[in-house]
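J.: Here is how the chains run, residue by residue.
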Amino acid sequence: DVKVTQSSRYLVKRTGEKVFLECVQDMDHENMFWYRQDPGLGLRLIYFSYDVKMKEKGDIPEGYSVSREKKERFSLILESASTNQTSMYLCASSFDGWAEGKVNEKLFFGSGTQLSVL
Amino acid sequence: AQKITQTQPGMFVQEKEAVTLDCTYDTSDQSYGLFWYKQPSSGEMIFLIYQGSYDEQNATEGRYSLNFQKARKSANLVISASQLGDSAMYFCAMREDLYNQGGKLIFGQGTELSVKP
Chain U
7 DVKVTQSSRY LVKRTGEKVF LECVQDMDHE NMFWYRQDPG LGLRLIYFSY
57 DVKMKEKGDI PEGYSVSREK KERFSLILES ASTNQTSMYL CASSFDGWAE
107 GKVNEKLFFG SGTQLSVL
Chain V
27 AQKITQTQPG MFVQEKEAVT LDCTYDTSDQ SYGLFWYKQP SSGEMIFLIY
77 QGSYDEQNAT EGRYSLNFQK ARKSANLVIS ASQLGDSAMY FCAMREDLYN
127 QGGKLIFGQG TELSVKP
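Residue numbers (our numbering), protein chains in the order written: chain U, 7 to 124; chain V, 27 to 143.
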């Protein structure tokens, strides 16, 4: 079974703490994504990566950074956590078939990390 | 500007009836793809259906079909013969610049569907 694993299901942190959210996929996917999900706002893209050491900003990158040192791992970093970063964080990965004309590749999602910043 | 708009925060449908979930999108790209995902209360994200901008026929997958109207920039999901298990949040998503590396997938706000027995 294909798998995207997020390191924590629930996380509680204090304002100002540095927070690391880890995501690992075992499908050799090129693309990896971090979204946050909030009621009424849907899923909003924070960052994505289409290759090792490559990263692209999504729609809401402020207050976040990412790291992709290995193909299977994509980390989201909250440099100084704030209460407005309390949210559900979803990691996803996909095969990037653009070079082969396969453009309908679906995302595989992790089970999410519910982060509370107090 | 919102690239994907789902204007129905919540919808109800009677079991066994059909329901249409609306999705409009905004892009100037010629090559793009549209996706629908389902998120039950368990939280997992389930891929339902895909439509490419160059596809001439509307996509279908079992009870799911996509009513693609390119000129109107709409990609509505139609669920036929609703079942209780269809109760979930539904998200429309779009990938632009389809034939280049590293396209990002942008989601809409979601529509919560409730199927009544």
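If you're looking for bench data, these hints aren't it; they were derived computationally from the structure.
Be a bit skeptical, because a hint or two may be false.
[Unchecked claim] Using 27 Å as the maximum straight-line C-alpha spacing, the simulated DSSO-like pairs for lysine-lysine come out as follows:
#1 Lys9(U) to Lys59(U)
#2 Lys61(U) to Lys77(U)
#3 Lys142(V) to Lys99(V)
#4 Lys130(V) to Lys63(U)
#5 Lys76(U) to Lys130(V)
#6 Lys142(V) to Lys63(U)
#7 Lys42(V) to Lys63(U)
#8 Lys42(V) to Lys77(U)
#9 Lys130(V) to Lys59(U)
#10 Lys61(U) to Lys96(V)
#11 Lys9(U) to Lys130(V)
[As the list claims (entries may be wrong)] Restraint-style ranges between C-beta atoms, simulated for each label pair:
#12 Gln109(V) to Pro45(U): 34 to 44 Å
#13 Lys29(V) to Phe101(U): 20 to 30 Å
#14 Ser140(V) to Gln120(U): 40 to 50 Å
#15 Ser68(V) to Ser122(U): 16 to 26 Å
#16 Glu70(V) to Thr92(U): 15 to 25 Å
All C-beta atoms, glycine included, are put in the ideal place defined by N, C-alpha and C.
J.: State for each hint whether it applies.
T.: Against the structure, the hints come out as follows:
Taking the CA atoms of Lys9(U) and Lys59(U), the gap is near 21 Å; set against the 27 Å cutoff, the hint holds. Between Lys61(U) and Lys77(U) the alpha-carbon distance is near 12 Å, which keeps this suggested pair within the 27 Å criterion. Of the pairs offered as hints, the one joining Lys142(V) and Lys99(V) is violated, with about 30 Å between alpha carbons and a cut-off of 27 Å exceeded. Under the criterion of a C-alpha separation no larger than 27 Å, the hint pairing Lys130(V) with Lys63(U) is consistent with the structure, at around 10 Å.
Distance hint between Lys76(U) and Lys130(V) is fulfilled; the C-alpha atoms sit about 20 Å from each other, no more than 27 Å. Between Lys142(V) and Lys63(U) the alpha-carbon distance is near 41 Å, which puts this suggested pair outside the 27 Å criterion. A distance of roughly 43 Å separates the Cα atoms of Lys42(V) and Lys63(U); the hinted pair therefore is violated under the 27 Å criterion. The hinted pair formed by Lys42(V) and Lys77(U) fails the criterion: a straight-line CA distance of about 45 Å is larger than 27 Å.
Under the criterion of a C-alpha separation no larger than 27 Å, the hint pairing Lys130(V) with Lys59(U) is consistent with the structure, at around 16 Å. Taken as a hint, the Lys61(U) and Lys96(V) pair is broken in the structure, with Cα atoms around 31 Å apart against an allowance of 27 Å. The suggested pairing of Lys9(U) with Lys130(V) holds, with an alpha-carbon distance near 20 Å, which does not exceed 27 Å. At roughly 25 Å, the beta carbons of Gln109(V) and Pro45(U) sit outside the given window of 34 to 44 Å.
Taken as a hint, the range 20 to 30 Å holds for the pair Lys29(V) and Phe101(U), whose Cβ atoms sit roughly 23 Å apart. Between Ser140(V) and Gln120(U) the C-beta distance comes to about 23 Å, which lies outside the given range of 40 to 50 Å. For Ser68(V) and Ser122(U), the hinted distance range of 16 to 26 Å is satisfied, since their beta carbons lie about 20 Å from each other. Restraint check, Glu70(V) to Thr92(U): a C-beta distance of roughly 22 Å satisfies the suggested window 15 to 25 Å.
Comparing the model with each numbered hint stated earlier shows that hints 3, 6, 7, 8, 10, 12 and 14 do not hold.
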